[in-house]
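With the hints as constraints, model all of the structure from the sequences given.
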Amino acid sequence: MSLLKPLNKLPELNTANVLLVENEELFQKKLADAIVLLENNVNVIVRLARSLPLPLESRPRIDLVVFIVHLNSEQSLLSAEASLKHLDSSYFLGKVCFLVTGARCGTLPYERLTSLKKLAATLNSPLLMTEDRTTEGVNTVAQRVLAVLRVAAGLVPMATGLYLSSLTRCTVPTDPDWQNQD
Amino acid sequence: METRLSATATPRNQTAPHRSSKSYGFSRRSLGVELTSRLGCTPGQLTAVRIPTNRGIPKPRNITEQVDPEHIALIVKKEWKLSYVTPLYQFGHTQLQSYSRQLAAFLAAEKQQGVAVEVGQELGFKVVFTAVLGLAETDDDAETVLIQIHSKSAFAAEGEAAKLTWSGWLSCVSGDVEYLRSMPPDFTCLPLFGASGAESLTTLVKSWFERTFDCYFGPLAINSTNLEWLAALWTGCHPDTNIRYLKLAWTIPAQPPLDVSYTVHPQDAWELWNSIRQESGLRDTVDIEEVSCFIKGLESHLFRHFRIYLSAGTLTKVSTTLGSAHQDGKIRITSSDMMTSVLALLTECALLKMPV
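Heads up: the sequence lines are chains A and B, in that order. Heads up: the first sequence begins at 2 in my numbering, then just goes up one per residue. Heads up: the second sequence begins at 22 in my numbering, then just goes up one per residue.
If you're looking for bench data, these hints aren't it; they were derived computationally from the structure. Errors might be hidden in some of the hints.
What the hints assert, rightly or not - In silico PhoX-like links for lysine-lysine, alpha-carbon gap of 25 Å or less: (1) B:K317 with A:K86; (2) B:K374 with A:K119; (3) B:K98 with B:K227; (4) A:K119 with B:K227; (5) A:K118 with B:K98; (6) A:K118 with B:K317.
Claimed, not checked - Rough simulated footprint, nothing fancy, chain B against chain A, three-plus residues with beta-carbon under 8 Å: (7) 76-83; (8) 103-110.
Said to hold, decoys possible - Derived Cβ-Cβ restraints for the label pairs, each shown as a range: (9) B:T233 with A:T135: 36 to 42 Å; (10) A:S3 with B:Y266: 48 to 54 Å; (11) A:P158 with B:V281: 49 to 55 Å; (12) A:V43 with B:Y110: 55 to 61 Å; (13) B:H322 with A:S3: 31 to 37 Å.
The model shown is predicted, which means the values in this text are computed figures rather than measured ones. Don't be surprised by glycine CBs; every beta carbon is placed ideally from N, CA and C.
Here it is as structure tokens:
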């Protein structure tokens, strides 16, 4: 199966495409609705997938790939890791972003968030913390995803995804305790 | 002039040996500790507690020689609800008797608050604080303290002994040495608190501790990584003490929610664990990779039969004959042989919750 490439299809005028990848299919529908409701000026197309690769025949243009990871299940993280392999490397120049839910919950193992942070940092991608239980939280994250999407789709003059990602990418602190993790 | 000089010099002389007597370990963080203590902040504030990735193999050992068997009998076989406690200010193991009186008076006062006529209430409380000597593993650990509350109902027959209605303990076993040494001298670190008995009494005891020792109690959850550690730790003991069964429980967020209870024959579990240990070369320490490999092996076995990904859910409970642990912080230790290793693991969980 060939890799998903960002520039295979021609862009349409005033249109932004976002792909939400979530193994559990719990949150992507809610987020998709919130994103579509929020944006009025631009034609936003939200596509949903459980995992990558996408079927070869009907691959649309995708401007931004968002991976939703639920920290309460290991499977969620493993599935995101597996899906990442089906993306072309040029996506990692500012066209990928990670969403994490449940990071506030005290009963979850810290190692999962740590490994996700490392993953996002090595891929130079931003990591957004999300509250998925409240409408307020969903709206906030929809706004943040939209802001990244507008830039990634080239709708913001003078800004590119690569430029934005160099500012927003997740970084792992150079701390002895972090190096201790691996 | 001379007096002024000596006045400025004195504190420096006093603090210098005190500071050098503490060794802060080797991490870069310890530099920060040293700096803040000079600036007058609490030295403990910046000390980092690390999440360990490997541990020594726990060996079942008979602790009845070190610890009074009566004390052990009070701790084992009960289910404890765990909490973490921040360091206690000016707590002394020598003043336990006076604490007993104070807590009894506090409980009685709280119970009588707003009650005009007492009907069928407990008349009085008898509180006993006991130091459980010998549980501490290193010199830096403070000795465990056991608290028992006996109460007598108003209708009890004459001469009837007061019943044990609540018990609890504060413990520290093999705590992080660097953290414990960075503690200011007035503080005692007993980070793990277990309570068994009426919830209302637990709340009262906690509030007494919070008022008296300026500490804070918070709920201690045991996350799935630590439950996995416990499962591996108990399975590893199988050749020495028969664990009879290894029972694991998962909750899977499906519609409707699915609870999976998974019981493994101890011999099978041990053989799987042993093969993983053999593969990584029998070392003295157990790595976190080996533990997760063990759990993944069990998970993939269930997947082969039932097509259920257990990793999509969360591990909520682990139990064997040696004890059981639940995700929401309930633990039962049945065998005194493994008590110290389990308490050491839990102490570590509690220390991770400490303000740093």
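Hints, verified against the model:
Pair hint K317 of chain B plus K86 of chain A holds up; C-alpha atoms about 22 Å apart against a cutoff of 25 Å. Between the alpha carbons of K374 of chain B and K119 of chain A the distance comes to roughly 23 Å, so the proposed pair stays at or under 25 Å and holds. Of the supplied pair hints, the one linking K98 of chain B and K227 of chain B holds, its CA atoms being roughly 23 Å apart against a limit of 25 Å. Restraint check: the Cα-Cα separation between K119 of chain A and K227 of chain B comes to about 39 Å, which exceeds 25 Å; the hinted pair is violated.
A hinted pair counts as satisfied when its Cα atoms are at most 25 Å apart, and K118 of chain A with K98 of chain B does not qualify at roughly 41 Å. As the CA atoms of K118 of chain A and K317 of chain B are separated by approximately 22 Å, the hinted pair is consistent with the 25 Å bound. Against chain B, the segment 76-83 of chain A contributes 3 residues with a C-beta closer than 8 Å to a partner C-beta. That satisfies the three-residue criterion, and the hint holds. With a cut-off of 8 Å between beta carbons, the segment 103-110 of chain A has 4 residues touching chain B; three or more are needed, and the interface restraint holds.
For T233 of chain B paired with T135 of chain A, a C-beta distance near 39 Å keeps the hint of 36 to 42 Å intact. At roughly 49 Å, the beta carbons of S3 of chain A and Y266 of chain B sit within the given window of 48 to 54 Å. Taking the beta carbon of each, P158 of chain A and V281 of chain B are about 54 Å apart, inside 49 to 55 Å as hinted. Here the CB-CB span from V43 of chain A to Y110 of chain B is close to 58 Å, well matched to the stated 55 to 61 Å.
The supplied range of 31 to 37 Å is met by H322 of chain B and S3 of chain A, whose beta-carbon atoms lie about 35 Å from each other.
Violated hints, listed in ascending order, are 4, 5; each of the other numbered hints is respected by the structure.
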